[in-house]
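My request is simple: use the sequences and hints to build the entire structure.
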Amino acid sequence: MTEIPEHLLKRAAAAREKSAEAAPAAEAPAEAAAPSDSRIPEALLQRSKAAKAAKAGGDAEAPSAGGAVAVAEKVGAVVAAAPAGGGVPIGAGPGGHTQRLLTVVKSGSIQDVKATPVDKVHTWPHLLAAEFVAALAMTVFVTIFSVFVHAPLLQLANTNLTPNPSKAPWYFLGLQELLTTFHPMVAGVTLPGVGLIALILAPYLDRNPSNKPEDRKFLYGLFTVFLMFWAVLVLIGSFFRGPGFNFVLPWVEGLFFEL
Amino acid sequence: MAKIIDDKPRPTVKDRVNTAVGDVQGSQAWSSIFRPGSIFRKGYTDSPRNRSYVIMNSVLYHLHPVKVKRHAVKVSYTLCLGGLSFFLFILLTVTGIFLMFFYRPEATAAWNDIQNLQTSVTFGLLVRNMHRWGAHLMVLAVFLHMARVFYHGAYKPPREFNWVIGVILLTLTLLLSFTGYLLPWDQLALWAVTVGTNMMGYTPVFGQEVRFVLLGGAEIGSETLLRWYVLHVLFLPFVIVIFMAIHFWRVRKDGGISGPL
Chain A
1 MTEIPEHLLK RAAAAREKSA EAAPAAEAPA EAAAPSDSRI PEALLQRSKA AKAAKAGGDA
61 EAPSAGGAVA VAEKVGAVVA AAPAGGGVPI GAGPGGHTQR LLTVVKSGSI QDVKATPVDK
121 VHTWPHLLAA EFVAALAMTV FVTIFSVFVH APLLQLANTN LTPNPSKAPW YFLGLQELLT
181 TFHPMVAGVT LPGVGLIALI LAPYLDRNPS NKPEDRKFLY GLFTVFLMFW AVLVLIGSFF
241 RGPGFNFVLP WVEGLFFEL
Chain B
1 MAKIIDDKPR PTVKDRVNTA VGDVQGSQAW SSIFRPGSIF RKGYTDSPRN RSYVIMNSVL
61 YHLHPVKVKR HAVKVSYTLC LGGLSFFLFI LLTVTGIFLM FFYRPEATAA WNDIQNLQTS
121 VTFGLLVRNM HRWGAHLMVL AVFLHMARVF YHGAYKPPRE FNWVIGVILL TLTLLLSFTG
181 YLLPWDQLAL WAVTVGTNMM GYTPVFGQEV RFVLLGGAEI GSETLLRWYV LHVLFLPFVI
241 VIFMAIHFWR VRKDGGISGP L
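These protein sequence lines map, in sequence, to chains A and B. Position 45 (the first sequence) corresponds to 45 in this note's numbering; numbering is contiguous. Position 7 (the second sequence) corresponds to 7 in this note's numbering; numbering is contiguous.
There's no promise every hint is true.
[To be verified] Pairs of lysine-lysine, DSS-like flavour, derived with a Cα cap of 25 Å:
1) B:Lys-253 / B:Lys-156
2) B:Lys-69 / A:Lys-114
3) A:Lys-212 / A:Lys-106
4) B:Lys-42 / B:Lys-74
5) A:Lys-114 / B:Lys-253
6) B:Lys-69 / B:Lys-253
7) A:Lys-10 / B:Lys-74
8) B:Lys-42 / A:Lys-114
9) A:Lys-18 / A:Lys-106
10) A:Lys-114 / A:Lys-212
11) A:Lys-49 / A:Lys-106
12) B:Lys-74 / B:Lys-156
13) B:Lys-74 / A:Lys-212
14) B:Lys-253 / B:Lys-74
15) B:Lys-156 / A:Lys-217
16) A:Lys-114 / A:Lys-10
17) A:Lys-212 / B:Lys-42
18) B:Lys-69 / A:Lys-10
19) A:Lys-212 / B:Lys-253
20) B:Lys-156 / B:Lys-69
21) A:Lys-212 / B:Lys-69
[What the hints assert, rightly or not] Residues of chain B placed beyond 10 Å of chain A at every Cβ, according to the derived structure:
22) Arg-16
23) Val-59
24) Arg-104
25) Glu-106
26) Leu-126
27) Phe-143
28) Gly-207
29) Val-213
30) Ile-240
31) Val-241
32) Trp-249
Think of the hints as simulated: they come from the structure by calculation, not from any bench. In this text, all values refer to a predicted model and were calculated from it rather than measured experimentally. Using N, Cα and C, we set each Cβ at its ideal position, and we do this for glycine too.
As structure tokens, this is what we get:
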């Protein structure tokens, strides 16, 4: 997006304020000038009236003033045609100059300015410093945590000795929890598959253009239920399932959970 | 004579250091390393122009634009979750490469290698712990990043496709974590993966075939270990890096991060 520098924005705001102060004074003369468009200078209006009159006259006596008609029709050729007509060209102003104001293009009538000013800051230092601090804090946290808490390493893998309970990694424990209720195909394939496809399609199904929380109450509720559903299943699978994947209370029978 | 020499003050230690730093920073070698605009270059001053050059003239320009929306740098908006996911990936790559030096993906050697790593290798236990906890944290960070993006409605046009890439990245993150889970070859690894892959076998039509290919047999064994090792250290990182590149590129092409609300 095009960006307008801050100092220019300030200057524009100041100018707007100034013109707002001057506006009441300027309104009166503008009304007085009605009904003709006050933005077209009086001299130009007179000139075009004269040209129209001359053209009408020219039509009446076409054979004698053919050159003049051509000039009036082809404004761009005014200068070239002037000698043919003889004397001062029709389009000439009071001072005899031959330029004409063809049209006044108001800003925004032809160019469609889509860019709106965005308040921006420099990536360095504002963003990079924050990222650096976040990365550093994460490194410190992981290192210190790793000094005190050790990753599990149980006995050598033994295909003949099934631990009770056998649990999947924690992020799959929601699925394993579903397995207690549903057929494996439903719990392990259908439900996660539907969830994944729903996530992928979310931006195409959600036709609401607003990103304001107050406009998206239904989806906020739906997504929160979705997240809580999995979070609760994972928590139950992690902490409330013991031998035989039966329901246990962790404060009674202890933890059956390894990360 | 002595008086004239004393008139000229002897350079203080600070002056000497400043001169030395200036000489180093002014050298050809130094200026060849740090491009114009680098904060390490001689004569860097904090000005809007130089702030732009810091990004424009560094490799970071591939990742960040020169300027970002003011609300985009608010930690309370992004919670740094996307950036931290990426940083954790880097941390996991670094610690993972360290672990590869001490690990053989064979059923007879893997567990012993981990045991030796923990007991006989300098910092071996620490680095393994960092890799393990970093992996769990990355799953968590990617998941929370997705929730943050959803709650901000940041998947709405023009960012729909980048959300799809994000879902793929979440899936790849889970697969990376899951393939790594098997590698210590202990009881936890073996049976967690058994539970996971048994479920996979119930996929209609081609479930058993996919399971056979992934396990390198009907049951988990030495072949599985080798396959999952290659998936974990080479194949999946390769794929996820490609998707990450597209993800980051699209963030910029879609006009920076979304919002403000």
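Structure-based check of all given hints:
Restraint check: the Cα-Cα separation between B:Lys-253 and B:Lys-156 comes to about 14 Å, which is no more than 25 Å; the hinted pair holds. For the proposed pair B:Lys-69 and A:Lys-114, the alpha carbon gap of about 18 Å is at most 25 Å, so the pair holds. At roughly 35 Å between alpha-carbon atoms, A:Lys-212 and A:Lys-106 are farther apart than 25 Å, so this suggested pair is violated. Only pairs whose Cα atoms come within 25 Å are accepted, and B:Lys-42 paired with B:Lys-74 is rejected, the gap being roughly 31 Å.
Taking the CA atoms of A:Lys-114 and B:Lys-253, the gap is about 17 Å. The hint holds against a cut of 25 Å. Restraint check for B:Lys-69 and B:Lys-253: satisfied, since their Cα atoms lie roughly 14 Å apart, inside the 25 Å limit. For the hint pairing A:Lys-10 with B:Lys-74, the CA-to-CA distance comes to about 24 Å; that is within 25 Å, so the pair holds. Proximity of B:Lys-42 to A:Lys-114 is assessed by CA-CA distance (about 41 Å); at most 25 Å being required, the pair is judged violated.
With a C-alpha separation of about 21 Å, the suggested pairing of A:Lys-18 with A:Lys-106 holds against the 25 Å cut-off. Between A:Lys-114 and A:Lys-212, the direct Cα distance comes to roughly 22 Å. Compliance with the 25 Å bound is thereby established for this hinted pair. Restraint check for A:Lys-49 and A:Lys-106: the C-alpha separation of about 23 Å stays at or below 25 Å, so the hint holds. Pair hint B:Lys-74 plus B:Lys-156 holds up; C-alpha atoms about 21 Å apart against a cutoff of 25 Å.
For the suggested pair B:Lys-74 and A:Lys-212, the alpha carbons sit about 18 Å apart, so the restraint of at most 25 Å is met. Of the supplied pair hints, the one linking B:Lys-253 and B:Lys-74 holds, its CA atoms being roughly 21 Å apart against a limit of 25 Å. The straight-line distance between the Cα atoms of B:Lys-156 and A:Lys-217 is roughly 16 Å, inside the 25 Å bound, and the hint therefore holds. A hinted pair counts as satisfied when its Cα atoms are at most 25 Å apart, and A:Lys-114 with A:Lys-10 qualifies at roughly 20 Å.
For the hint linking A:Lys-212 to B:Lys-42, the alpha-carbon distance of about 47 Å lies beyond 25 Å, and the restraint is violated. Our distance criterion of 25 Å between C-alpha atoms is met by B:Lys-69 and A:Lys-10, whose separation comes to about 18 Å. Simply put, A:Lys-212 and B:Lys-253 have alpha-carbon atoms about 23 Å apart, close enough for the 25 Å limit, and the pair holds. A distance of roughly 18 Å separates the Cα atoms of B:Lys-156 and B:Lys-69; the hinted pair therefore holds under the 25 Å criterion.
With a CA separation close to 18 Å, the supplied pair A:Lys-212 and B:Lys-69 stays within the 25 Å bound. No Cβ of chain A comes within 10 Å of the Cβ of B:Arg-16; the nearest lies about 30 Å off, and the non-interface call holds. Distance check on B:Val-59: its Cβ is at least 13 Å (rounded) from any Cβ of chain A, clearing the 10 Å threshold; non-interface status holds. Every C-beta of chain A lies more than 10 Å from that of B:Arg-104, the closest at about 14 Å, which supports listing it as non-interface.
Distance check for B:Glu-106 against chain A: the nearest CB is about 12 Å away, which clears 10 Å, and the non-interface claim stands. Separation of B:Leu-126 from chain A is inadequate, the least Cβ-Cβ distance of about 6 Å not exceeding the 10 Å criterion. Not every Cβ of chain A is farther than 10 Å from the Cβ of B:Phe-143; the closest lies at roughly 8 Å, contradicting the non-interface assignment. Non-interface status of B:Gly-207 relative to chain A is broken: a Cβ of that chain comes within 10 Å, the nearest being about 7 Å off.
Non-interface call for B:Val-213 relative to chain A: holds, since the shortest CB-CB distance, roughly 17 Å, exceeds 10 Å. Residue placement check: B:Ile-240 keeps its beta carbon more than 10 Å from all beta carbons of chain A (closest about 16 Å). The claim that B:Val-241 is not at the interface with chain A holds, since no C-beta of that chain comes within 10 Å of its own (minimum 18 Å). Chain A leaves B:Trp-249 outside its interface by the beta-carbon criterion, the shortest separation being 16 Å against a cut-off of 10 Å.
When the structure is compared with the earlier hints, violations turn up for hints 3, 4, 8, 17, 26, 27 and 28 and for no others.
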